[in-house]
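Residue 33 in my numbering sits at position 33 of the sequence shown, and the numbers go up by one each step.
Just to be clear, a hint being listed does not mean it is correct.
Said to hold, decoys possible - Subject to a maximum C-alpha distance of 30 Å in a straight line, what follows is the list of computed DSS-like cross-link-like pairs (lysine-lysine):
id: 1; residue 1: K99; residue 2: K228
id: 2; residue 1: K204; residue 2: K122
id: 3; residue 1: K244; residue 2: K272
id: 4; residue 1: K116; residue 2: K204
id: 5; residue 1: K228; residue 2: K265
id: 6; residue 1: K163; residue 2: K272
id: 7; residue 1: K272; residue 2: K261
id: 8; residue 1: K251; residue 2: K163
id: 9; residue 1: K244; residue 2: K265
id: 10; residue 1: K99; residue 2: K7
id: 11; residue 1: K122; residue 2: K228
id: 12; residue 1: K90; residue 2: K228
id: 13; residue 1: K122; residue 2: K90
id: 14; residue 1: K272; residue 2: K251
id: 15; residue 1: K204; residue 2: K163
id: 16; residue 1: K228; residue 2: K204
id: 17; residue 1: K251; residue 2: K265
id: 18; residue 1: K204; residue 2: K251
id: 19; residue 1: K116; residue 2: K178
id: 20; residue 1: K132; residue 2: K122
id: 21; residue 1: K163; residue 2: K261
id: 22; residue 1: K132; residue 2: K204
id: 23; residue 1: K116; residue 2: K228
id: 24; residue 1: K251; residue 2: K261
id: 25; residue 1: K178; residue 2: K204
id: 26; residue 1: K99; residue 2: K116
id: 27; residue 1: K116; residue 2: K132
id: 28; residue 1: K163; residue 2: K122
id: 29; residue 1: K99; residue 2: K122
id: 30; residue 1: K228; residue 2: K244
id: 31; residue 1: K99; residue 2: K178
id: 32; residue 1: K265; residue 2: K163
id: 33; residue 1: K116; residue 2: K90
id: 34; residue 1: K178; residue 2: K228
id: 35; residue 1: K7; residue 2: K90
id: 36; residue 1: K132; residue 2: K228
id: 37; residue 1: K163; residue 2: K244
id: 38; residue 1: K132; residue 2: K178
Because the hints were derived from the structure by calculation, they are not lab data.
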Amino acid sequence: MPIIVDKDLPARKVLQEENIFVMTKDRAETQDIRALKIAILNLMPTKQETEAQLLRLIGNTPLQLDVHLLHMESHVSRNVAQEHLTSFYKTFRDIEGEKFDGLIITGAPIETLPFKDVDYWKELERIMEYSKTNVTSTLHICWGAQAGLYYHYGIPKYPLEEKMFGVFEHEVREQHVKLLQGFDELFFVPHSRHTEVRADDIEKIEELTLLATSEEAGVHLVIGQDGKHIFALGHSEYSCDTLKQEYERDKRRGLDITVPKNYFKYNNPDEKPLVRWRSHGNLLFSNWLNYYVYQETPYIL
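Please put together the full structure from these sequences, using the hints given.
Right, dumping it as structure tokens:
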């Protein structure tokens with residue numbers, strides 16, 4: 001089934017070229033189907049790239065989704081045209097009177113800042129509080145996961161001596177949780193971050209279950225007791241060349257950046273990346289949408 005987006009959204013053309021079923025809002029309005037309302041709070045500076053990554057994954061399910069893109073009103077985005085935000089995005093103020101079946105809160109390249117020093121933290125707190133009663137299930141990604149764990153459970157983040165950068169093997173810790181249906185016992189996930197949350201802190205919280213960890217990368221998947229809040233510290237949504245672009249960007253800036261681990265063939269940046277996370281990335285988003293959104297949401301929001 002399709003995802004429903006604005007007919008002029010640039011990511012729509014990218015997805016159509018990949019044979020992902022995308023429907024315009026005009027066509028969707030002629031169908032007698034209750035599509036799932038999914039909001040994406042896009043905190044990334046590379047808005048259009050992140051749109052395509054997430055829409056690619058949530059569009060690969062049998063469910064019809066009505067997608068609403070959100071940006072922070074209290075933050076000025078410098079890496080995206082204001083025209084793009086005006087045309088395709090809403091703010092929390094625009095939608096706070098509505099209810100949603102699902103919400104995705106993305107990462108943001110600000111993890112070295114204390115949470116309360118982030119210029120839009122107060123607005124994000126309002127959104128996370130809103131999600132408790134107005135969203136069936138929220139999926140938090142990377143910094144969004146750190147922010148959610150801190151806001152909802154008081155779990156801190158810690159600085160890393162060296163950036164966690166590459167593709168790492170993870171182990172399933174809970175075999176019979178619906179979010180992990182179809183997962184292999186070992187699977188790969190990209191990470192790109194300067195901070196971490198620690199398993200010891202999560203295990204102290206009775207309402208949280210640690211689902212997947214990596215010996216090298218640490219915590220990846222955490223779920224709240226009722227599945228209302230799910231936290232993914234890695235980037236299962238990343239495209240094949242995202243880490244490559246980050247590496248080359250930092251090299252151009254003269255930053256001290258290491259080659260992303262387990263990513264390029266032979267660990268040689270002149271070789272092509274090896275994509276080993278795509279199938280589990282699709283499973284993660286598909287399972288979230290099916291078991292924690294579609295199966296749990298009321299027909300009338």
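A quick look at each hint next to the structure:
1. K99 / K228: Cα-Cα ~14 Å, so holds.
2. K204 / K122: Roughly 27 Å separates the two Cα atoms, so the pair holds.
3. K244 / K272: holds (9 Å)
4. K116 / K204: holds (23 Å)
5. K228 / K265: violated (38 Å)
6. K163 / K272: holds (22 Å)
7. K272 / K261: holds (13 Å)
8. K251 / K163: Measuring from Cα to Cα gives roughly 14 Å; hence the hint holds.
9. K244 / K265: Holds, at about 12 Å.
10. K99 / K7: Satisfied, since the Cα-Cα distance of roughly 23 Å is no more than 30 Å.
11. K122 / K228: holds (21 Å)
12. K90 / K228: holds (23 Å)
13. K122 / K90: Given that 30 Å is the threshold and the Cα spacing comes to 18 Å, the pair holds.
14. K272 / K251: Holds - the C-alpha atoms of K251 and K272 are around 17 Å apart, at most 30 Å.
15. K204 / K163: holds (26 Å)
16. K228 / K204: Within the cut-off at roughly 19 Å; holds.
17. K251 / K265: holds (19 Å)
18. K204 / K251: violated (40 Å)
19. K116 / K178: Measuring from Cα to Cα gives roughly 34 Å; hence the hint is violated.
20. K132 / K122: holds (16 Å)
21. K163 / K261: holds (11 Å)
22. K132 / K204: Roughly 21 Å separates the two Cα atoms, so the pair holds.
23. K116 / K228: Within the cut-off at roughly 24 Å; holds.
24. K251 / K261: holds (16 Å)
25. K178 / K204: holds (22 Å)
26. K99 / K116: Holds, at about 27 Å.
27. K116 / K132: holds (20 Å)
28. K163 / K122: Holds - the C-alpha atoms of K122 and K163 are around 27 Å apart, at most 30 Å.
29. K99 / K122: At roughly 20 Å apart (the allowed maximum being 30 Å), K122 and K99 satisfy the hint.
30. K228 / K244: violated (33 Å)
31. K99 / K178: The given pair, whose Cα atoms are some 24 Å apart, holds under the 30 Å limit.
32. K265 / K163: holds (20 Å)
33. K116 / K90: holds (24 Å)
34. K178 / K228: holds (13 Å)
35. K7 / K90: Between K7 and K90 the Cα gap is close to 16 Å, so the pair holds against 30 Å.
36. K132 / K228: Given pair K132, K228 holds - Cα atoms ~8 Å apart, limit 30 Å.
37. K163 / K244: Holds - the C-alpha atoms of K244 and K163 are around 15 Å apart, at most 30 Å.
38. K132 / K178: Holds - the C-alpha atoms of K178 and K132 are around 21 Å apart, at most 30 Å.
Hint compliance for this structure: hints 5, 18, 19 and 30 are broken, all remaining hints hold.
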